[in-house]
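Student: Using the sequences provided together with the hints, build the complete structure.
There are 2 protein chains.
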Amino acid sequence: MADIVSLQKLIEEFRKMPSVGLKSAERFAYYVLGLDDQEIKSLAGAITDAHEKIHTCSICCNLTEGEKCDICGNPKRDVSTICVVENPRDIAAFERTHEYRGVYHVLHGVMSPINGIGPNDIRVKELISRLADDAVNEVIMATNPTAEGEATAVYISKLIKPMGIKVTRLAYGMPVGSDLEYADEVTLSRALDGRQLL
Amino acid sequence: MADIVSLQKLIEEFRKMPSVGLKSAERFAYYVLGLDDQEIKSLAGAITDAHEKIHTCSICCNLTEGEKCDICGNPKRDVSTICVVENPRDIAAFERTHEYRGVYHVLHGVMSPINGIGPNDIRVKELISRLADDAVNEVIMATNPTAEGEATAVYISKLIKPMGIKVTRLAYGMPVGSDLEYADEVTLSRALDGRQLL
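Chains as they are written, first to last, in my numbering: chain V, 1 to 198; chain H, 1 to 198.
Some hints could be false.
Any copy, or any two copies together, can satisfy a pair, since identical chains are not distinguished.
What the hints assert, rightly or not - When the alpha-carbon atoms are kept at most 30 angstroms apart in a straight line, the in silico DSSO-like pairs for lysine-lysine are as follows:
| id | residue 1 | residue 2 |
| --- | --- | --- |
| 1 | Lys-23 | Lys-158 |
| 2 | Lys-125 | Lys-76 |
| 3 | Lys-166 | Lys-16 |
| 4 | Lys-166 | Lys-68 |
| 5 | Lys-9 | Lys-68 |
| 6 | Lys-125 | Lys-68 |
| 7 | Lys-76 | Lys-9 |
| 8 | Lys-125 | Lys-161 |
| 9 | Lys-9 | Lys-158 |
| 10 | Lys-158 | Lys-68 |
| 11 | Lys-23 | Lys-68 |
| 12 | Lys-23 | Lys-41 |
| 13 | Lys-53 | Lys-9 |
For the record, the hints were derived by calculation from the structure and aren't laboratory data.
Tutor: Right, dumping it as structure tokens:
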């Protein structure tokens with residue numbers, strides 16, 4: 001098949017997608033060749049459409065097709081609490097709890113010196129300018145419990161604290177329904193440190 | 001994210017691809033959102049391009065951008081031997097051996113009554129009409145060694161034999177470099193049946 005230029009090009013494009021190797025890319029390419037005109041229009045259209053229509057919310061940097069996302073546009077949400085997350089998918093996780101009534105701020109990444117990602121490459125400036133404007137009481141740092149997520153949370157909290165705003169971090173501990181026997185040492189010692197009165 | 005119509009549409013399109021679940025489709029969609037204008041054009045263009053330019057060879061049904069594929073267009077290939085394969089990727093496997101000098105015929109599938117695929121849904125007619133025209137001495141049935149590949153080979157051989165053309169099947173046996181200890185019974189008994197003089 002090495003002679004078919006447009007097929008090679010398509011396979012290369014699919015290989016660029018996350019966790020797609022040569023075999024998967026080839027399978028995707030043959031799938032595309034098997035589609036009819038209408039289906040091709042639908043696939044290519046969905047790609048260009050999403051790229052054209054979706055941008056970040058002018059307030060919280062969440063993804064949206066409008067000027068503001070649905071959460072920032074909802075007058076019932078409590079704008080005095082901002083939950084800071086790494087990416088838009090994390091918001092969906094919080095919304096599924098039906099517990100949180102505040103608003104969000106999406107960083108679109110974490111600081112990672114090893115990959116050359118500093119505070120100016122994620123949406124930190126936008127968060128700080130939001131805090132200057134709004135009547136915010138609390139910022140919940142909900143970056144992932146990884147080394148990079150942790151470092152980002154600490155860095156941002158140092159910027160916010162001098163503004164007199166409370167900064168909190170999600171609790172570490174045992175996941176609900178998990179088994180102590182299989183807990184890793186770090187999680188278990190964090191759960192011990194954070195023990196609470198019954 | 002449930003509110004973003006164009007994102008949902010894109011995720012659905014990716015989910016239709018082979019072995020892509022919801023999580024992978026979401027990751028692909030976010031990958032697309034992260035591309036710049038040029039990269040989007042390149043991806044969407046590769047999809048529509050491949051679909052427009054690639055069609056089947058007028059002789060052997062292999063994929064090609066021209067009227068004939070490179071193999072049918074090569075005067076050095078021996079047109080008296082046709083190797084019948086299930087799909088275009090199988091041709092690449094044979095070409096890698098640098099042994100086979102004949103031509104091919106691509107069925108684009110196998111007969112599979114359970115999935116409602118009969119002889120008219122694959123390129124059998126095209127093969128038969130080729131045999132009427134050309135000076136073909138031998139047809140090698142190289143469908144996969146599966147129940148369906150086997151049934152397809154037997155079905156097609158019954159159509160060809162009355163035309164006085166030799167029909168052969170790839171040998172079954174132990175894969176080179178494999179270990180007898182781990183061979184399955186069917187393969188091993190086929191290897192025994194097909195034993196040859198040393």
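Student: If you check each hint against the structure, which ones fail?
Tutor: Checked against the structure, the hints that fail are numbers 1, 3 and 9, while the rest are satisfied.
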